[in-house]
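Visitor: Chains as they are written, first to last, in our numbering: chain V, 1 to 243; chain Y, 1001 to 1103.
Some hints here could point you the wrong way.
Cross-link-like lysine-lysine pairs, in silico, DSS-like; alpha carbons within 25 Å at most [stated by the list, open to error]: (1) V:K171 <-> Y:K1010; (2) V:K133 <-> Y:K1023; (3) V:K171 <-> V:K122; (4) Y:K1023 <-> V:K175; (5) V:K188 <-> V:K122; (6) V:K171 <-> V:K133; (7) V:K188 <-> V:K178; (8) Y:K1023 <-> V:K122; (9) V:K133 <-> V:K122; (10) V:K178 <-> Y:K1023; (11) V:K171 <-> V:K188.
To give an idea of the interface, some chain V residues facing chain Y are shown, with a C-beta separation under 8 Å as derived from the structure [as the list claims (entries may be wrong)]: (12) Y23; (13) L63; (14) E67; (15) G71; (16) E102; (17) G143.
Here are some chain Y residues pointing at chain V (derived, C-beta under 10 Å) [said to hold, decoys possible]: (18) A1006; (19) V1009; (20) V1029; (21) Y1044; (22) F1049; (23) F1050.
FYI, nobody ran anything at the bench for these hints, they're computed from the structure. No residue lacks a Cβ here, since even glycine has one placed at the ideal position from N, Cα and C.
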Amino acid sequence: VDVYELGTVGWLESQAYYHALAYLGRSGLILLQPASPYVCLGYHQDARQEVELEYLQQQGIPLFRREVGGGAVYLDCNQLFYQFVFNKDDPRWPASKLAFYEQCLAPVVDTLRQLGLAASFKPVNDILVGGRKISGNGAAEIGDCVVLVGNFLMDFNYDQMARVLRVPDEKFRDKVHKTLEENLTTLKRELGTLPDVRRLSALLLANSESLVGGWERRDLSRTQGQSGGDWPEPYDIRLDVLQ
Amino acid sequence: VRARRARQVKIAEGVYVVERVVKLTGGLVRLAAVVRDDRLHDAYLSGDFFFYPAEALVGLENDLEGAPAEAVGLQARIQAYFNAHRVEAPGISPADLAQVLAA
């Protein structure tokens, strides 16, 4: 199965590639980091209810709705994303989403353990260290594929996450910030230093090899391009359309 | 159903625009709908949950158009929809949704 280690890519590409693979019906694993921050909305969420759209617009933070459920998240370059895309008909993948999460996340848990952290899988889709979430995950059916996307939180901007979520008042925002700090941790916080991304990627690839019987390294061809020059203007959040 | 917030605006006798927010184990579910003569119209469900297949959520909203806003009947109707479309919604049962949707 193909693996694409893309390093740092544009924020939009950090979401576009796995959607594209799934719609093309091509199995693969993508590892990447987004070059710049953005907010990613769950498929079933109401943007106006969940996100401070005016703040995003002021700050020039783009917003993307993924075709994966779950909640709004603040994503940036301090997170290493893994994006598994598999053919739905492949008998290796269990029908139940819970079992699918468990199967795909086992190598992620192993990777964290190899770094010396007491990581564990918490159903449905969290990975915890010391009772705190260190990796967020979501699964979806896109095209003829099942997809699992998630990240290693190497470092995390708690302030921005608390700013971008829509809350009824500022007191509530303080509570969100405090609760995030209490319930979400990072590799930097646990290890005392930022991990080496290349090592993290290499460990995850080795640990996940048995899922697919081996990875075959692929690059993006020239036609697939990495420039991102033709993408729509990222900051153009059309509030007038949304409201 | 763990917590519930509800708001409704009366438009005319027997016509209400309702909003309900419920925290279920599968996530937060928001409903916006019109209830006219105790029947559901224009139901719109959103939230941070997972629903497979994703497009079946809109299908469910359409299926509920005009349904009596009453929990027992709604639960049966939602269950039938889940079965027919092989819906998988971890932590969100037809009974939960019926509670959210019932007037």
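Visitor: Hints first: check each against the structure and report whether it holds.
Guide: Each hint tested on the structure:
Pair hint K171 (chain V) plus K1010 (chain Y) does not hold up; C-alpha atoms about 31 Å apart against a cutoff of 25 Å. Simply put, K133 (chain V) and K1023 (chain Y) have alpha-carbon atoms about 20 Å apart, close enough for the 25 Å limit, and the pair holds. Distance restraint check for K171 (chain V) and K122 (chain V): the Cα-Cα separation of roughly 30 Å exceeds the 25 Å cut-off, and the hinted pair is therefore not satisfied. At most 25 Å may separate the alpha-carbon atoms for a hinted pair to count; K1023 (chain Y) and K175 (chain V) meet this at roughly 18 Å.
Proximity of K188 (chain V) to K122 (chain V) is assessed by CA-CA distance (about 21 Å); at most 25 Å being required, the pair is judged to hold. Using a Cα cut-off of 25 Å, the hinted pair K171 (chain V) and K133 (chain V) holds, with the two alpha carbons roughly 24 Å apart. The hinted pair formed by K188 (chain V) and K178 (chain V) meets the criterion: a straight-line CA distance of about 18 Å does not exceed 25 Å. For the given pair, K1023 (chain Y) sits about 19 Å from K122 (chain V) by alpha-carbon distance, which is consistent with the 25 Å threshold.
A threshold of 25 Å between alpha carbons decides the hint, and for K133 (chain V) with K122 (chain V) the separation of about 9 Å falls inside it, so the pair holds. At most 25 Å may separate the alpha-carbon atoms for a hinted pair to count; K178 (chain V) and K1023 (chain Y) meet this at roughly 20 Å. Restraint check for K171 (chain V) and K188 (chain V): the C-alpha separation of about 28 Å exceeds 25 Å, so the hint is violated. Restraint check, Y23 (chain V) versus chain Y: the minimum CB separation of about 14 Å is more than 8 Å; hint violated.
Hint status for L63 (chain V): violated, given a least beta-carbon distance of 15 Å to chain Y, over 8 Å. At its closest, the beta carbon of E67 (chain V) sits 7 Å from a beta carbon of chain Y; the interface hint therefore holds under the 8 Å criterion. The beta carbon of G71 (chain V) comes within 3 Å of a beta carbon in chain Y, closer than 8 Å, and the hint placing it at the interface holds. Given the 8 Å rule on beta carbons, the hint for E102 (chain V) is violated: about 13 Å separates it from the nearest Cβ of chain Y.
The beta carbon of G143 (chain V) comes no nearer than 11 Å to any beta carbon in chain Y, farther than 8 Å, and the hint placing it at the interface is violated. For A1006 (chain Y), the interface hint is violated, since its Cβ never comes within 10 Å of a Cβ in chain V; the closest pair sits about 15 Å apart. For V1009 (chain Y), the interface hint is violated, the least distance from its beta-carbon to any beta-carbon of chain V being 17 Å, above 10 Å. A least Cβ separation of about 9 Å between V1029 (chain Y) and chain V falls short of the 10 Å threshold, and the interface hint therefore holds.
Interface restraint check: Y1044 (chain Y) against chain V, minimum CB-CB distance 8 Å, threshold 10 Å, status holds. Interface hint at F1049 (chain Y): satisfied, since its Cβ lies 6 Å from the closest Cβ of chain V, which is below the 10 Å cut-off. Given hint, F1050 (chain Y) at the interface with chain V, holds; its Cβ is 4 Å from that chain's nearest Cβ, closer than 10 Å.
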